[in-house]
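Protein chains: 2
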Amino acid sequence: MDTLAMDTIESIGYPVFFEDSLTELARFIERGKYTRFFVLTDDQTGEYCLPVLQPYLGENAQYDLIEVPSGEQNKTIDFCIGIWQMLIDFGADRNSLLINLGGGVITDMGGFAASTYKRGIDFVHVPTTLLSQVDASVGGKTGIDLSSVKNIVGTFAQPQAVFMDHRFLTSLPPRQILSGLAEMLKHGLICDAEYWNELKISDLTKPSAGLVYQSVAIKNQIVLEDPKEKGIRKALNFGHTIGHAVEAYSLEHDGAKHLTHGEAIAIGMICESWLSFKKNGLSEQELNEIVAVLTNLYPQHEIKSSCHADLLQLMQKDKKNNGTQINCTLLNKIGECSIDHICTEEELSDSLHYYASLY
Amino acid sequence: MDTLAMDTIESIGYPVFFEDSLTELARFIERGKYTRFFVLTDDQTGEYCLPVLQPYLGENAQYDLIEVPSGEQNKTIDFCIGIWQMLIDFGADRNSLLINLGGGVITDMGGFAASTYKRGIDFVHVPTTLLSQVDASVGGKTGIDLSSVKNIVGTFAQPQAVFMDHRFLTSLPPRQILSGLAEMLKHGLICDAEYWNELKISDLTKPSAGLVYQSVAIKNQIVLEDPKEKGIRKALNFGHTIGHAVEAYSLEHDGAKHLTHGEAIAIGMICESWLSFKKNGLSEQELNEIVAVLTNLYPQHEIKSSCHADLLQLMQKDKKNNGTQINCTLLNKIGECSIDHICTEEELSDSLHYYASLY
Ligand SMILES: NC(=O)c1ccc[n+]([C@@H]2O[C@H](COP(=O)([O-])OP(=O)(O)OC[C@H]3O[C@@H](n4cnc5c(N)ncnc54)[C@H](O)[C@@H]3O)[C@@H](O)[C@H]2O)c1
Ligand SMILES: NC(=O)c1ccc[n+]([C@@H]2O[C@H](COP(=O)([O-])OP(=O)(O)OC[C@H]3O[C@@H](n4cnc5c(N)ncnc54)[C@H](O)[C@@H]3O)[C@@H](O)[C@H]2O)c1
Ligand SMILES: [Zn+2]
Ligand SMILES: [Zn+2]
Chain A
-13 MDTLAMDTIE SIGYPVFFED SLTELARFIE RGKYTRFFVL TDDQTGEYCL
37 PVLQPYLGEN AQYDLIEVPS GEQNKTIDFC IGIWQMLIDF GADRNSLLIN
87 LGGGVITDMG GFAASTYKRG IDFVHVPTTL LSQVDASVGG KTGIDLSSVK
137 NIVGTFAQPQ AVFMDHRFLT SLPPRQILSG LAEMLKHGLI CDAEYWNELK
187 ISDLTKPSAG LVYQSVAIKN QIVLEDPKEK GIRKALNFGH TIGHAVEAYS
237 LEHDGAKHLT HGEAIAIGMI CESWLSFKKN GLSEQELNEI VAVLTNLYPQ
287 HEIKSSCHAD LLQLMQKDKK NNGTQINCTL LNKIGECSID HICTEEELSD
337 SLHYYASLY
Chain B
-13 MDTLAMDTIE SIGYPVFFED SLTELARFIE RGKYTRFFVL TDDQTGEYCL
37 PVLQPYLGEN AQYDLIEVPS GEQNKTIDFC IGIWQMLIDF GADRNSLLIN
87 LGGGVITDMG GFAASTYKRG IDFVHVPTTL LSQVDASVGG KTGIDLSSVK
137 NIVGTFAQPQ AVFMDHRFLT SLPPRQILSG LAEMLKHGLI CDAEYWNELK
187 ISDLTKPSAG LVYQSVAIKN QIVLEDPKEK GIRKALNFGH TIGHAVEAYS
237 LEHDGAKHLT HGEAIAIGMI CESWLSFKKN GLSEQELNEI VAVLTNLYPQ
287 HEIKSSCHAD LLQLMQKDKK NNGTQINCTL LNKIGECSID HICTEEELSD
337 SLHYYASLY
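Line by line, the protein sequences are chains A and B. The first sequence runs -13 to 345 under our numbering. The second sequence runs -13 to 345 under our numbering.
Please keep in mind that the hints were generated in silico from the structure rather than gathered at the bench. Be careful, since some hints might not be right.
Which copy is meant is left open, because identical chains are indistinguishable; a pair holds if it fits in one copy or across any two.
[Claimed, not checked] Derived BS3-like pairs: lysine-lysine, alpha-carbon spacing no greater than 25 Å straight-line: (1) 19 - 214; (2) 216 - 19; (3) 19 - 220; (4) 265 - 216.
Whole structure, please, built from the sequences with the hints as guidance.
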């Protein structure tokens, strides 16, 4: 699989580079369209990723660095204001380029800051986590969290280009690999049984560049069919109705020991697979297969019954839902799903109990 | 002129209603596209305009009210966060409609909040000041101020519709009428000499509905030609390079006695007309005509030489400028202009001295 040619992927009006991508970035910069360059990092990507990127930022690209502290808890309007403020102070004009070097927090927040600064300056992503490579890199969603509601404020805005480099993953902690892996498994589950089967037999502690490429290709195909998330794109929400609530709750209550996005989504996928089994014809055998893969990869996380009410409220506030109904994307079999299944509070709570019973 | 039929104006994909517009709003609401309604006002429009609007918000539109304090000094990210927060707390979903009832502060900030809440919910404008009717109502610019840099954060986002009602202007203080008038005069100066001549002989303390309509039609035509402000739309910036700086400075230093937008733009138009005379072939006779009309309408505002450095810095930070050059739109004659004239600090400072010498 690693021998497959990783051609540039065309997303919504912009290219996603895989081969020699940082050389492509250097070329992009040399084209001379921009007067000013800004690199956005967090403390981790400043340390581990900027040294990799630096040699490609040629002499023409004198850049200013904007650094924010790492972590989802900092994907806030306050740090976004900090970014806008630094752009103002550095005198960023409309012909400036913001280079987002980091994981999904940096690409989401940087994308939002750029798409609203002076009503929109250009930006590119250099995603450095597995999660941001396979998920945040295509789709054009930007966002920040407010009052622990994830991505409640944001825009649809496309980067000018995305530059993927597998080298960044070498410094990534194992938990962060697992976090991105959840989305890759999701891509298989919702629309590509063959890819799922391939993942099952791979060494998932070090997903190959080829597997990453396939995952981006799957997500991109779905996004292209439905750029504004009016229909089929909701397939990508599999595991996320419950997962997002679990993630938000953990962020608020577990302090530094909070779940990663992918860990929360893995929980959400288990719960929503169970709902798929109960409500959407997923076979018990496939449910068990999915659960075996996920529980094998992801350690258990305790979710007390006493938190269910709070979790349900978070699901209701989630932007995926209209009015007070809670919607899920459910599988009908591995590799196929359908969207907009209304789930009752009881069903959702039962699925959380199912999760708790597994380990 | 008042007898001219005020047909609905088609802007960038949305209608601007003039005749029986609040009845049109009632119809729009009855169409049943939305699950939830929110009305954004400031304390003034809550008092004077909401009672006018209320009878048209039929029984189907149970709405929640969001009120912010009035004034440009509140067009900030802090109040925008307050709006997002209330939308969260009220449980606004993606099928919600935000009705912006107010002047340009409300339509700009409400438009920004709506266009970024859950990555964009629908909004409509009911502009209640002359300025917001003739200027902020078309063009799709939303924005808030940061560190006294005006509209530095915002989006391009179109409302679903705009509803104009001349009745709102009856409660508007005379200074606010003058504020909107500056933009109407600008519309004549930059591209319609006939309209300018008509304005000159009208009672400008109470601009007629027909004059308002013509002004919107002129702005809309320019906007349609250049929705993203890449070229010709910059014509609308006449008076604004200097005007915006004067306005920002006044907001920061003059406390409650700060200039209105239009008062600042009137100063900017005088200065930039002088620059037009010096650099762009505007005749001395036309310069004097413009200055006579403007100084007759607008009281003098003191701008000390010692503030010039600060003003120039504000101009440099202005989002209209690329790099460190300061650009102006200049007239070549009344009714015609050209864009992108680079002005030196000395020229800009001289134009401010010219203004100071006039009264
Ligand atoms: N826009 C989208 O479509 C989309 C899709 C999925 C997720 N997201 C968002 O992405 C975020 C999660 O992404 P994430 O997991 O990448 O978060 P992240 O950006 O917080 O990265 C995780 C951690 O890894 C560190 N890190 C990043 N790159 C590294 C590297 N190469 N070596 C060592 N450490 C590195 C970071 O500093 C951080 O501490 C969430 O906010 C989520 O909402 C967005
Ligand atoms: N988006 C655009 O294209 C655009 C164009 C021009 C101006 N603007 C923005 O608009 C703002 C200025 O607009 P504005 O002058 O309407 O400001 P505003 O909204 O502050 O209104 C001025 C004052 O009039 C009050 N008011 C409003 N309607 C009233 C009524 N019917 N009766 C009595 N009082 C009323 C308001 O409460 C306020 O105190 C600026 O922030 C400017 O940047 C935007
Ligand atoms: Zn996800
Ligand atoms: Zn203006």
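Against the structure, the hints come out as follows:
no. : hint      : verdict
1   : 19 - 214  : between (28 Å within a copy, 18 Å between copies)
2   : 216 - 19  : between (34 Å within a copy, 15 Å between copies)
3   : 19 - 220  : between (36 Å within a copy, 21 Å between copies)
4   : 265 - 216 : within (23 Å within a copy, 52 Å between copies)
Violated hints are absent here; each numbered hint is respected by the structure.
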